[in-house]
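Following the hints, put chains B, C and D in place on chain A, whose structure we already have.
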Amino acid sequence: MNFQLPNLSPMVPELTMTALALIVLLIDLLIKKKEILALISMAGVAIVAVTLLGSSGVTFGNMFISDGYSSFFKLIFFINVILSVLISIKYIAIERVNYGEYYSLILFSTIGMMIMASAGDLIVLYLGLELMALSTYILAGFIRHDVKSNEAALKYFLLGAFSSAFLLYGISIVYGLTGTTDLKAIASFISEKGLANNFSLLLSVIFLTVAFGFKIAAAPFHMWAPDVYEGAPTSITAFMSVGPKAAGFAVLGRVFMVAFVSVKVDWVAILIPLSILTMAVGNIVALSQTNIKRMLAYSSIAHAGYALLGIITANNEGLASMMNYLMIYAFMNIGAFAVIIMLRSEGFKGDSIYDYEGLSKTHPWAAALMLIFMFSLTGIPPTAGFIGKLYIFISAINAGYTWLVVVAVIFSAISAYFYMRIVMYMYMREPKVTVTLSTSLPTDFALVITTVAVLVIGVFPSFLVGLARAAIRGF
Amino acid sequence: MVPLSWYMMLSIAVFVIGVFGFLSRRNIIIVFMSIELMLNAVNINLISLSHYLQDMRGQILAFFVIAVAAAEAAIGLAIVIALFRNKATAHVDEVKEMQG
Amino acid sequence: MKLYLLIPFLPLTAFVINILLGKEVLRDKAHWPSILAVVGSFFITITSVLPQAMAGKVINEDLYTWMVSGTFNVTVGFLIDPLTAVMLVVVTTCASLIHIYAVGYMHGDKGYYRFFAYMSLFTFCMLMLVMGNNFMQLYFGWEGVGLCSYFLIGYYFNKKSAADAGKKAFIVNRFGDFGFGIGVFMIFLTFGTLHYAPVFANAAGITGQTVNFLGWNVDLPTLIALLLFCGAVGKSAQVPLHVWLPDAMEGPTPVSALIHAATMVTAGVFMVARCNPIFNLSEIAMNTVAIVGATTSLFTATIAITQNDIKRIIAYSTCSHLGLMFLACGVGAYAAGIFHLYTHAFFKALLFLAAGSVIHAVHTNDIQEMGGLKKYMPITYAVFVIAALSAGGVPGFSGFFSKDEIIWSAYASHSSVGKLVWLMGTAVAFFTPFYTFRLIFLTFHGKYRGGHPEEHGHSAHGSSHGSHQGEHHIHESPKVMTIPLILLAVGAVAAGWVGIPPILGGGAHFAEFLKPVVGHPEFHGTHAEEWGVMGLSTIIALSGIGLAAFFYLRKTDLPEKIAKQFSGIYNILYHKYYIDELYHYTIVKPTLWVADKVIVAITDARIIEGIVNGVPGAIGKFSGNLRKVQTGLAQHYGILMAAGAFFIIALVLLLR
Amino acid sequence: MEQVIMNQLSYPILSTVIFLPVLGALLILITRRSWELLTKWIALGTSILTFIVSLTLFTDFDKSTHKMQFVEKHSWIPNWNINYYLGVDGISILFVLLSALTAILCVLISWNSIKAKVKEFYISILLTTSFMIGVFCSLDFFLFYLFWEAMLIPMFLIIGVWGGPNRIYAAIKFFLYTLVGSVLMLVGIIVLYLYAGKSFDILELMTKNYPYTMQLWLFWAFFAAFAVKVPMWPVHTWLPDAHTEAPTAGSVILAAILIKMGAYGFLRFSLPLFPEASKAMTPAMLTLSVIAIIYGAVICLAQTDLKRLIAYSSVSHMGFVTLGIFALNIQGLEGGILQMLNHGVVTGALFLSVGIVYDRTHSRQIADYGGLATVMPIYAAFFMVFTLASVGLPGTNGFIGEFLILLGGFAANKLAGVLACTGIIIGAGYMLWLYQKIFFMEINKKIIGLPDMDIRETITLVPLIVLVLWIGIYPNSFLSFMHASVQHLLERVNAGGVQEVNIAKTILEVVR
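Protein chains in written order, with the numbering used here: chain A, 1 to 475; chain B, 1 to 100; chain C, 1 to 656; chain D, 1 to 512.
So that you can see chain A by itself, here it is in the shape it has in the complex:
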């Protein structure tokens, strides 16, 4: 029997990325200065981004789909990798964990995300998810000598495994019901056989919601996020708060909108309380946080709540708004973490919000940047945060969820308090402790990118919004 290699062109970005990861792993053995590895990985990711353009198509018996939707998410992942690597070069040196594996693990995790984004089949989805999850578990515990990092890794691992068990169970039920794991096949099977209100199908949807809810840190399943974000190294927290979350949304979008499209009413009914609960928990608990990483963890939970609105609208416009929101979220979130990393210097942890008192006096530029990111996270107009929220709200109201938008808007007003508190500490308090910033070229470069992105998208968002709309057209 002739063995005929399937058309690999859609897989080119993944393949090159894997090659890159392996090369980085090998080079790590040869060289001492680990910064070079960072440069290589960044250059590699840039090359992969270029290959992304020509790689649309379906392969492996449509288990792997590379369309506009997946390439937009891959773009988010690449930006996430580059920015995370930029801010971690000096950081892991300070934390004395300057090992080469750090970069390769990041690359492996990105590969996992890319596979998840292009998964047309539940099995491929599971594999991508596990690849991302496993590498992120290790990254979470990368600072071996710090108990908090270990604890973070352990918790992430335990609950991650727990949720992937649920995922598998969900997949097995779907497989049992529809006899296939291919998303399109499932959809056609459901619509033909009229399984609309079959309970076991709903059960599987619920199990999948639990698994994906865990990944995007939605409310009842968010408990891991604060501890892991606080314990993990800050650069990894930044990486984790964008990458896996965006991948979770990609998968959530594709599975629910393609496979379970005919039971839309049910899963929307499930997601609405989830979204409200997420926004509530994220915004309200953040009010009483004193550790800035923990506060940003809850803020990222809240932002997951807003992005969920995009899924709830359950139409292409909603998905486009969700994608746009996640891209903007990537920039402003990593920007904020970059400033936190700048505060982390030799003998100074820089974790508590009180360390930011009087920052505007000691380091006016750092304070100004943090101010921009805080206002963007709140969603005040000239910044990109507002554009993200606006697009989500327009699509949500368009789909008739005005009351939900009012709730979201009230929560974003509540969120203003804890973001403003940081600005207030920086600008309106006298500096208690002298903070020496560990500025390094890559971190500054990352800050420049994120600030420019936040302000430019804030004022001229048509490029990004257009890109999101184009990406969703083929969905």
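Possibly wrong hints are sitting among the right ones.
[Claimed, not checked] Below 25 Å or equal to it, Euclidean Cα-Cα: the simulated DSS-like pairs (lysine-lysine) are:
id, chain 1, residue 1, chain 2, residue 2
1, A, Lys432, D, Lys117
2, A, Lys361, D, Lys115
3, C, Lys597, D, Lys437
4, D, Lys445, C, Lys110
If you are wondering where the hints come from, they were derived from the structure by calculation, not from laboratory data.
Below, chains B, C and D alone, put in the same frame as chain A:
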């Protein structure tokens, strides 16, 4: 011929045991084992469905699950050892440095 | 060229000159611009405006449009007709004489330029008020004079009593203006314009119209008339709102003479006379005006008997005379009212200035510390007696003619309250001469009682001074003050002759002159009745003087005995019927209490702030509790995840 | 679009007026921190330049038409049909000028009273001015909302960083109050955008009629944002805190311009977009305004802090403005707009004067003053003119505004008119009480040797004195701007639903 529902019942039983094991046991290793238990419950389910549906997918997924479970176990143990080196504890409920 | 424009704008230019250059440049020469301006206006009034008015030529021209908003169009315009001419004569003559007098009185005062600046500003506002051809300009002048009276009463602003008096005057006036403002709105709502001509032309149109005002429907003309009258009550210190006038005596005496005797307080009467077409439409309004006038007149006359401050006695006498003017207008005899206003301006200004010259000499207002000044201040004494005779209504003097005209027209008028008001008028005719002559006898006759030894600076006029041996210190006021006194004395006597009623052989030229504007009330009453009424009022006036002489010349101890015997009544009268205290406890205190306790403490602090700080506080507390759910144990998170899944399943089951 | 007259001038005037201050701010950003004098001069230069440029608006404005003028329209975000759309009409032009003028005054007054972080201060002042002018000129809802919210950031910093002792609480309270209000407006804007076929263009939205229930909901959504800003009665408690804690320049901007945006919002959005709802809600609005007038005035009687008293007087004055606006007749509306301008001038001036005295004595307690008239006579004269304008004495600008408002209010609802009139009496009460406590009576030992006003301070106050008297004596030069636009606004409001009886239907015609 053993009817499919029996397998399903077995799989649910094992899964539930796994869940309760995960939630209640104090020793980390036991918790790991209960995760493995849950994964194997899923495998049972997959294999029985695959046989019932006369379709290969279930079994392929089962293989992948086993492979991934192995990898997971390796990483899990590595994390536990790292934690043990710093905090000499093997009990999950003592690992609560971060809260609130 | 419209010469009359100069009349108001000369004082305005004087004001601007004084304000800008007064402090550095003019310093003690500051009186020149003001005097020249006001004498200039007086000259223009006499030479060009009065003859034109006599010739019956009415000017009604607009200078420029002041406010335009949709159909609401108001201009700054001037109306010169007989009524305006009379008022112009009164204002300019009194102002000129008082400005000259003030040069002597205010000599050496450190705010000299500021005084003359305000006096010119006041003259400007009064002239604008009088010459305006629409209600808006009337309102402009109305508030303008109120402002100047605030400045001038509070002239000695480092004295708390003066500052309080100024503030009190302005706020009480504001109460009056509150009604007046609403009246002006009602006029615009009904007539669509605020200019006198169209409003008065169509006034007849609204008879019998009723309008829903705050729930009751009220007859329109009565409503408008009464609202306008509110303003008059405030400005001319009639009964409910008269409390500010006695306190206004804190200001320098020329101010009291000009503003609180001759001009500003008469603005109310002028306004009622000007709006007579509206007032004539409603019987109730006319009666209210008459009754309020009469009661004020009687009420303040009784208080005046017991007062011991020379200026406060004259202030109450002003209230009383104003009451008489309103009484006249109330019964329809507007001409008589304006005639009394015309004569009253002269003798009341004279009284004040004479009193000023006395104060200037003995540096105290309290008549108990005076006495026997006749021999030291002959001119002031003589002038004082003339003014008193005129004010008392003794025949031959101008006061008699105008007061008698009012009492007769009250008696003879058709209005239902005519007879009652006439009785009150005659009673007042008794009290007025009594308290005026009481003043004279206590001040000028008997021996000098100024015994208090402490010496005081020359410029502090209010405080008492002069030891026993200080008696020979007293001397007549300088020429610059006595000449105006003499001129005013001539006015006090001669002014009345222009309006001698036909019954006494006069031509009643004054009433004829004003007929085109205010019309002529038709009276019923035979000559005999007229003689009877005139005779009665004269006898009562003379008996008043006799009683005063008996009390204060022959048996000087009698007044104390009577005061002790009827101490209840005496105290009430002396404490001005406790009206001030009444207002203080019923209006001022509760508002402050509400402001302090209710609003600051309760509504703002507890309710609103409570919510505004409470809600975020509650969210903060809730977030603290929610935070505890995060126990740190991975297995608890697992439980919560499982519970979450279970909860969703339950939800789906329920929803199905 | 026939509604609009494109910009005839050679250069995009509105954009220059808006972005000139931003340019100034960037310039200051570059200058070194130690060159404080240069920073101040740049700030002053930019604000004066903006004012001069905005004067050409004043001269070239065509008063006969209600159409928007100097209009600039460039597509900005095509995906949501958002354009960079600027335009000015009779209602908004006066406020553009007032903002430009206030900027100059703020820079002048804080010349040497702001010592710390001078650079950031002037950047915030210039940015606030630019965003405020932006709010008044924008004709696209998105652009309006962008300026509306963006202005919060610099204002938050001004109050928070350079304010008084309790500034942080005041700044956060100000920020959250306004934010909660305006996010509800955002939802309203999006609903309008979607209902009107995906267009943010305000003029286009005005041509459409919306179902009554939707109008009601949207009216209350917009009310949330505008009532907080005005501030109307129940939601006013942020104003006294923000005013007392803000630095002089901050409270001047707050009083002169920020408050006007709420009332401007009612005029520009609530009335034309939701005519039936506005008409249905007028009784409620009138009651709130009357409460604000009396409540604000009475509370002033019990104040001991100078700035707090003036802040509460603003609540009372703005009660008049909303009364005028919701009288829904020509006099009321024009009076309301003019009173917004007057209030900006008068209360701005009062805060400037308080600033002048605060720089000398560093105390805001009224008890610390007394007999100031003898110590600082010129200052006393200036303060007297502003007190009279605030009390609404004829001849000053306050009178014209208040008279028109009361006239309109009285025509709309007699009870509201009468109750509002009591506001004038209490107003006279607290302002004269204040003036007497500070300037008359014995000289307080704390203020014995105080120097009178220097040149810089006099220059700050002189333009305001001129404005007070100019509007007082010849208001038509400002009223003439509004006639056409207000007429058009009223036609739009009356066209929707029941025909409002034109108050000028005088009995005159009936009689003749």
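Taking the hints in turn, this is what the structure says about them:
1. A distance of roughly 18 Å separates the Cα atoms of Lys432 of chain A and Lys117 of chain D; the hinted pair therefore holds under the 25 Å criterion.
2. For the hint linking Lys361 of chain A to Lys115 of chain D, the alpha-carbon distance of about 14 Å falls within 25 Å, and the restraint holds.
3. Simply put, Lys597 of chain C and Lys437 of chain D have alpha-carbon atoms about 21 Å apart, close enough for the 25 Å limit, and the pair holds.
4. Straight-line distance between C-alpha atoms of Lys445 of chain D and Lys110 of chain C comes to about 22 Å, which keeps the hinted pair within the 25 Å bound.
Violated hints are absent here; each numbered hint is respected by the structure.
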